[in-house]
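Trainee: So you can see what is in the structure, the chains are spelled out below.
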Amino acid sequence: MNLNRTSAYFVLHAKSYMRSRSALFFQLAFPIILILLFGAIFSGSSYSPSTLIVQNESPSVASWGVVNAINESGLFKVHVIPENENLTKYITNNSVEAALLIPSNFTTNIYSGGKGYIMLEGHSNPTVASVDYQTLNGIFTEINFRSSNTTQKLVLSSQIAIGNTGKTINYYVPGLIGFTVLSTMFNMVYTVPNYRREKLFRQLSFSGLTKSEWITANMMFSFLMLILSDVILVAIGIYVFGASLVLNIQTILTSALIIFGGLFFFTSVGILAGLVSDNEETVSVVGNLVMFPMMFLSGVFFPLTFAPAYLVTISKFLPLTYFINSLISVLDYGNISSVALQILWLLLGSAILFIIAVTLFSWKQK
Amino acid sequence: MSENVIKVSNLVKSYSDVRAVDGISFSIERGEVFSILGPNGAGKTTTVEILEGVRNRTSGDVQVLGQDPEKSRSLVFKVGILPQDFSFVYNSTPKEALDFYKGTLRASSDLHEILEMVELEDKSSTPFQKLSGGQKQKLGLALSLVNNPEILFLDEPTSGLDPRARRNIWKVIKGLKDAGKSILLTTHYLEEAELLADRVAIMNKGKIIDSGRPMEIVERHHEDDNLIIRGDGEVERLLTAGGFLFHREGAYLKINLKSIKDATEIINYLYERKAAFEDFTLKRESLEDVFVRMIGAIEEDESE
Ligand SMILES: Nc1ncnc2c1ncn2[C@@H]1O[C@H](COP(=O)(O)OP(=O)(O)O)[C@@H](O)[C@H]1O
Ligand SMILES: [Mg+2]
Numbered sequence: 001m002n003l004n005r006t007s008a009y010f011v012l013h014a015k016s017y018m019r020s021r022s023a024l025f026f027q028l029a030f031p032i033i034l035i036l037l038f039g040a041i042f043s044g045s046s047y048s049p050s051t052l053i054v055q056n057e058s059p060s061v062a063s064w065g066v067v068n069a070i071n072e073s074g075l076f077k078v079h080v081i082p083e084n085e086n087l088t089k090y091i092t093n094n095s096v097e098a099a100l101l102i103p104s105n106f107t108t109n110i111y112s113g114g115k116g117y118i119m120l121e122g123h124s125n126p127t128v129a130s131v132d133y134q135t136l137n138g139i140f141t142e143i144n145f146r147s148s149n150t151t152q153k154l155v156l157s158s159q160i161a162i163g164n165t166g167k168t169i170n171y172y173v174p175g176l177i178g179f180t181v182l183s184t185m186f187n188m189v190y191t192v193p194n195y196r197r198e199k200l201f202r203q204l205s206f207s208g209l210t211k212s213e214w215i216t217a218n219m220m221f222s223f224l225m226l227i228l229s230d231v232i233l234v235a236i237g238i239y240v241f242g243a244s245l246v247l248n249i250q251t252i253l254t255s256a257l258i259i260f261g262g263l264f265f266f267t268s269v270g271i272l273a274g275l276v277s278d279n280e281e282t283v284s285v286v287g288n289l290v291m292f293p294m295m296f297l298s299g300v301f302f303p304l305t306f307a308p309a310y311l312v313t314i315s316k317f318l319p320l321t322y323f324i325n326s327l328i329s330v331l332d333y334g335n336i337s338s339v340a341l342q343i344l345w346l347l348l349g350s351a352i353l354f355i356i357a358v359t360l361f362s363w364k365q366k
Numbered sequence: 001m002s003e004n005v006i007k008v009s010n011l012v013k014s015y016s017d018v019r020a021v022d023g024i025s026f027s028i029e030r031g032e033v034f035s036i037l038g039p040n041g042a043g044k045t046t047t048v049e050i051l052e053g054v055r056n057r058t059s060g061d062v063q064v065l066g067q068d069p070e071k072s073r074s075l076v077f078k079v080g081i082l083p084q085d086f087s088f089v090y091n092s093t094p095k096e097a098l099d100f101y102k103g104t105l106r107a108s109s110d111l112h113e114i115l116e117m118v119e120l121e122d123k124s125s126t127p128f129q130k131l132s133g134g135q136k137q138k139l140g141l142a143l144s145l146v147n148n149p150e151i152l153f154l155d156e157p158t159s160g161l162d163p164r165a166r167r168n169i170w171k172v173i174k175g176l177k178d179a180g181k182s183i184l185l186t187t188h189y190l191e192e193a194e195l196l197a198d199r200v201a202i203m204n205k206g207k208i209i210d211s212g213r214p215m216e217i218v219e220r221h222h223e224d225d226n227l228i229i230r231g232d233g234e235v236e237r238l239l240t241a242g243g244f245l246f247h248r249e250g251a252y253l254k255i256n257l258k259s260i261k262d263a264t265e266i267i268n269y270l271y272e273r274k275a276a277f278e279d280f281t282l283k284r285e286s287l288e289d290v291f292v293r294m295i296g297a298i299e300e301d302e303s304e
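Protein chains in written order, with my numbering: chain A, 1 to 366; chain B, 1 to 304.
Chain B extracted, bound-state conformation (with noise of 0.2 Å):
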């Protein structure tokens, strides 16, 4: 049985005018990538710092490592932070914030590994105003290294990158979790909660909306394949009379398909009978489509 080095049940948090987070439970265990995925606002930076120690929570039970990070100041010295919006210094330099972290968390590390694990060693003199974006994403990740932490918090670390920047993080964060760190991920973006975790909880409002791995949530949630065909009146009329289930959107047609093989039925079927079809396409749900009609659908509820 692994550990859980994260447990966090029934947490809430409430602003004056808004509960950030609302009654959510999960737990990461020990080595394992987790990510909670969801649009802004969601309350996933609240979560993380309340497990950070950074803010305090209104109720629920909260355990990093077997602490309470509200008590347990020393946490501090145990995890790594990478916060949402990440800032340094102006003026120093990413060698002198290391050298710093080093001095004040007493840590043993090597820091000229850790710039090039973060493939930062060409820039470990510029001072930080002058770091581009991606860089400055960089500098957090090597400063939430240096004390060889057992669990990494990162809260959006590619948001606002562009797309190649994001890869190289990416990359670092792929090279974290072999190397077996746990991470609590956070993202907007589902290609990188997809790219990165084991497991994934979508979160919106305040709430956790579904957990497990990717391809459990697409399974569980994503709707029937469609085959897609651009077809007048007759089309249609044919369809009806095939007993197949459709609807028009406006020049197309898109019909259910209870499986995939189902779609050469319908072409041989349309086919046969001479019908004028064109443009034919199949069309699949991807994570991001669940993601997305998730959330949404969360929203129209709320506002009914």
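Next up, chain A with everything else stripped away, as it sits in the complex (with noise of 0.2 Å):
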């Protein structure tokens, strides 16, 4: 590795790309269209309180604090419906929106040590309903938190944790910034492939540059953009749709190690993308296959609280999902501890991956 080189590469490609006007629009202005789109489209659902039907059929200490928090959280009107009430039957005859059942099993299964299970129901509109679903989780995450016995959980699902005032826009955020990081991953997608079909790599090295200088100076632009691009997604997500982050120096940071860990591992399967054969457009395909599936069911751009099982459980598998629970949970909590095992794993994997690509990419003609 010399640096030198690097530079001398880095200046280069800078350039190149800074001409390139389909590159500077993916990267830059994309993600800020997205979040204008995100944000118009869902600053009506920014959060007011709405009414929540609450029914406990499990009546107990433990239950009724659960409903006193979510009352204190001022995020719903909390309605208490008696226990005899038929449920289904309310919520069709008055278009209940959000209705809460803490089942009969609740109490026991709390002072079992085992998972109170808690039921939202009566929903017409998914938007609404999701976003009800995540501002409930917020506040059970929080319960769960400030209760010092671990064991005693609160679940409405394990899925993913919601901003501190229950704005969709805190999480479209972080959701966009996993978007930017993701797509680094055509980068390589259409260089790799295109780079070898036309030589370039034969003719870089007779400059002397060598394939980990190439990697490493791309992978350095790759990240000043991604933290150009993101700066520019929590400006306005803040300044014009007023998203309520956490930021303080902490959370950047951590912020900036995952997407560097992300930057690692998108490059890296960008990388073997690209090896899978010289024509882009076969590369495009696979490179299209493996993003827009992810990009979907990671919850990009809605989240899974309410996807059948089934993908929900797809989503545990793709590596983007973490990324972007991780940035949730920095961002809209300041949350890092109970995520800084994830991250290493996150940074670890991401460093495997990249070892076996720079391995497997050679630049040297059979």
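Hints in this document: simulated from the structure, not taken from any laboratory. A few of these clues could be false.
[Unchecked claim] Chain A regions said to be covered by chain B (calculated; three or more residues, Cβ under 8 Å):
{"#": "1", "segment": "11-23"}
{"#": "2", "segment": "191-203"}
{"#": "3", "segment": "206-212"}
Note that beta-carbon positions come from the ideal geometry of N, C-alpha and C, so glycine has one too.
The task is to assemble the complex, starting from two chains supplied on their own in separate frames and drawing on the hints.
Mentor: Given below as structure tokens:
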């Protein structure tokens, strides 16, 4: 590794990149368009307290404590209905949007060290439903945090924690940051087969440049561009749509670390995809096959709280899910410690994948 | 005694199904332009790329500036390479490309001088993809010169260029030759080899068929000169009677000449006997004919 050569290539790459309108569009303009779009669509659903119908079939100190916490959060106007009421009928008759059922086994489960399940029912509009769901989940997460007994858990779903104010935009900022990290994969997906076909690696090797220097320069540049586009995303989120994120030196550095890990991860995936074939079209199909499911199933564009269980299961195998969840936890909650281990695994996994990709990636001709 | 900058002996390169280079040997002296002349698929690029260190060989010995290119990465800093199908980073300008090379090679060369030498000053800020074929090749040449190399590898530098662009490149190569560079030039254009090379190796199907100064090769391989006339059976009868060697090609008779002077003798002979002949031309083989025939002959041998 020679710093001199790496920076010489960095400059060459940066200048040619700046001249490419499509590259700039996808790197900078596209995420901005997406956040403006999402922000505009969901700005109406930013949280004003809505009525939450609660039916408690398991009256106890624990269950009423939960109901109380929901009420005190100010995020819902809690309206309790009697135990003997038929909830399903009540929902239909009163066009209830959100009703919470604390089932009869709740208290027993909690006191026997198990998990207390709570059901959210009665929604017609999936967006509202998902926002309510997230909000409740957020409240429960906080209750879980506060409770000293760690085995005592309230579970709505284990999927996603949500922002401190329950605003949708808080969710989309980390999601779109995840999207920008994911799309760096395409730098490699297009570049590797193209450079191989055009014999540009051979040409670059004549300058004394090595493949590690090439990859390093590329990643350094991608990282700068990522930081740039993500700063813009955060700024728009905050100043245009009033997102409330926890920004301090720790959360910013941790987010940068997560982004850096993501860059390693997706650059490696891009290199590996690029090695599959010399044909850019084939590779871009492969790339899109990886990217699109990942984008939708990792919760970039919408939370998976109401997705069928099998999709949620799939999402658990998608690395992007963890990048986004870590970012949500850090940026929306300022909660670093609970995802520290997860971040460590991400970095470790990315490093291993990166080593594999770099080893398989050869500039020499057969 | 002049020093060899490149030495190749019994070089072999096999791909899974072909022996692309089949036991060739040659050496190149300092300051010499050496050309490998051969048709497509002869094994020229494979040979050059082995010398450049881009490919590994199957067997044989190779030395470039006393080093084995397979093992010595530092060779890149001492040689200049214009590969076949030269291409560069999309959206990069010649100026940026040269700056990059200068940075990586830690060269002290004057980039403006190089741009001038290859006549590319006015295109120094044009993105690569907007350059013409000839201009691209000139950029490739310019890049190969940044480290002021002792040896230049030029692999088919003018293939696919129009005649004017080709002449332009030739001019630049001649300049480099005059500047004392050792050059390994591959080409399938005979004219190019004849014009630029001190010595030529004719390569076909992985083997060097012959090598030497271009004129030496013609001397060794050219067929006798011919006198070609248009004539009927009567002329044919007279030639047989006169003991001349000839054969018919359509309406024409192709008469073999031991010496070019024999031509007048034959014409006089026919004229005196009032033979009806016309359209006479003298035909001498060029290096091109020799080359085409040598390559053709080998191919016929193979097909037997
Ligand atoms: N990477 C490769 N794999 C298999 N065969 C190859 C490869 N590169 C070249 N060849 C074969 O080797 C022979 C020589 O090719 P090459 O050296 O490119 O010839 P030239 O440069 O004289 O046109 C050809 O038959 C070609 O098809
Ligand atoms: Mg070739």
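Trainee: Against each hint, give a clear statement of whether it holds in the structure.
Mentor: These are the hints, each one checked on the structure:
no.: 1; hint: 11-23; verdict: holds (count 8)
no.: 2; hint: 191-203; verdict: holds (count 5)
no.: 3; hint: 206-212; verdict: holds (count 4)
In this structure, every one of the numbered hints holds.
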